[in-house]
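Trainee: The residues making up each chain are set out below.
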Amino acid sequence: MKDAVRKLNIEYGFNLTEQEIDTVAKQAEEAALLFQPLFEVDIADIAPLTKVDKRVKPPTIKKGKK
Amino acid sequence: MKALDVEGLTISEIAPLIRKKQISPLELTNCYFDRIRKLNPTLNAYLALTEEEAMAAARRAEREIAKGNYRGPLHGIPFSIKDNIATKGVTTTAGSKILSDWVPDFDATVVERLKQAGAIILGKTNMHEWAKGSNSINPFYGTSYNPWDKTRIPGGSSGGSAVAVAASLCPASLGTDSAGSVRNPASLCGVVGLKPTLGRISVFGGVAGTGGYTVNHFGILTKTVKDCALVLGHIAGHDPKDPLSSNEPVPNYTKPIGIPVRGMKVGIIKGGYFEECLTSEVRRGFEEALKMLKALRIKIREITIPHMDLVPALQAASTRPEANSDHDHYLRTRPRDYSPGLLYGLIAGLLIPAPVYVTAQRVRRLLCQEFDTAFEKVQAIVAPTLFSTAPTIEDCNRGYIEADGKRINLADRAGNFLTRYTIPFNVTGLPTISVCCGFSSSGLPIGMQISAPAFQEGRLFQVAHAYERAAEWYKRRPQL
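Protein sequence lines, in the order shown, are assigned to chains A and B. Under my numbering, the first residue of the first sequence is numbered 1, with each subsequent residue one higher. Under my numbering, the first residue of the second sequence is numbered 1, with each subsequent residue one higher.
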C-alpha cells in the first residue's frame, strides 16, 4: 500500500513525509480489511441502490368464496 | 416594558403570539441577538451573525403581520443555519480553511423556503471541519462547547446548531446528516434532531464535499418534536435543482401528533450492533425509555437485520469515494489547507477500488430489503442514538473514553465510533429522529432514536411526541 501512497504523493503533489506515507498506508490497509466481507455477500440479481423509494406493497388478492 | 425571556421558548409557543401580535418579530429577534452576544463567546455556537439582514427581515415580517398578511407558523421565527448550507451574501465556510472567504450568490433551497415562510436567519453555526467528524473541535474556528458541561463536546458535525438550540440562541436550526451529524449533536445536547428520508428535503446548496451524495441528508434541530414537524412541513418537497429529491407529496406532519400510540408495535434490533460498547448509563436511560413506551401501551418486539454488521463497511465504502470526488481539486491545489487528520483520511480514500463502491451500493439495497421485511412486523424501530453521553474535549483529543472501567476507543478501522449507532439509517436512507430520553448521573443528556419506513416521518413524530410528552425531559434546560 505504501507504494500506492507514494504514487499518489507524486501525482497530487502532497509532499508527504515518510511518516505521513506510513499513516495513510495503514489507514488504507485497515479500510481494505473492513471492505472484504462485502464481497462475501450473495448479491446476485441485486442492483445498486441509487435512491430511496416509498415501499409499495403488492396488492393483496382476496380469496373468493368457495 | 420587561424584556422578553426567550429561554426555552418553542416555535409552537411563539407562533400564535406573533400571529396575535402579542410578540413583535423585531423584539423577538433583538432578544435572541442579546442572548447570543451574552452566551456565544463561551459556547462558540455561531461563526457569523447576520444581524443587519435579520433585523430588516424582522421589520418586514412585522409590517406584513400588521397588515394582516400572516404567512404561517414560521413567520417571524428566528433560525440558525449550519455553515455548510449556502446563504446568499453570507460567508459559508463549511468549517474549512479552504472556503473561509466563500460568499455564495445564491441560497440553498431550504434557506429559500424558510425565507418564503417568513423565517428570520440569525446567522451561521459552527461545525466540524468539512462535516467530516462528530466532535466539532474545529482547528480553524475553535471548538463549540456543550451547554450542559463546557468541558465536553456538543457532538457533530452540526455541533454549533445543537448548541444554539439547547442554549436558546435560536428556537430552531438546520443541519446536515451524512453519518449522524444532526442526531448525534441533538442527543449530546438534549434536543430533537431529525434526519428525514433520503430525498425528502432538497440538498441543493449543500457545500460539496461535506457529505457525499447517497447518504447525505439535510435535517432539523428543535426543542420539541412538534416544532420539528412544523419546520419539515415547510422545507420538504421536490426540488428540480436536486435530482435526488423525491416527488412524494408533503403531508401535514403535525396531523399525527397527539394520535394515541396504543397498540403500536416498535422493534429493537437484536444481535449486538447497538450494544457494542454501550455504557451502563446510556443502557439504563434507554431501558427506562422502553418502559415508558410500554406504559404508553406500545408493544416492544425484537427484530433481526441479518447484515447489520456490514453497516460500517457500507457507510465507509459509500462516503469516502463520494467525498473524494468533491475534494479532488482542493487535494491537488491546497492539500495543506486541510487539518492533517482529514488530509490523511482523504488520501486513503483515493485508494478505494471502484468495485468496492459498487458492491457496497448493491449490499445497501439488500440491507434496505431487510429493513423493509422488519417493518412488516413493527411500525417503528428504536435504538440509543449514541453509545455514551458527551465525551470531554480531552477524551476526544486523546482518542478514547473510559466508562464502566473500560477504555473505549473513539475511532477504529470502521471509522468514527461516535457515529456507529446512527449510520444504519444513513446507508438505508430511512427517516430517523433523536429525542432526549434521560440524563446521566452527572447531568448529561442521553438520546434515543426512532426510525420508520421511508417517507413515514409522520409516524416518527407521532411516537416521538407521545414519548416526549410522557417523559417530559424536554423541560430541562442547561444552567448557563
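Simulated from the structure, these hints should not be mistaken for lab results. Among these hints, one or two may not hold up.
Said to hold, decoys possible - Here are the computed lysine-lysine pairs in the DSS-like style, where the Cα-Cα straight-line distance is at most 27 Å:
hint, chain 1, residue 1, chain 2, residue 2
1, A, Lys-26, B, Lys-88
2, B, Lys-88, B, Lys-291
3, A, Lys-54, B, Lys-255
4, B, Lys-299, A, Lys-54
5, B, Lys-21, A, Lys-51
6, B, Lys-255, B, Lys-291
7, B, Lys-21, B, Lys-299
8, A, Lys-54, B, Lys-241
Keep in mind it's a predicted model, so treat the numbers as computed, not measured.
Trainee: Check the structure against each numbered hint from earlier and tell me which ones fail, lowest number first.
Mentor: 1, 2, 5 and 7
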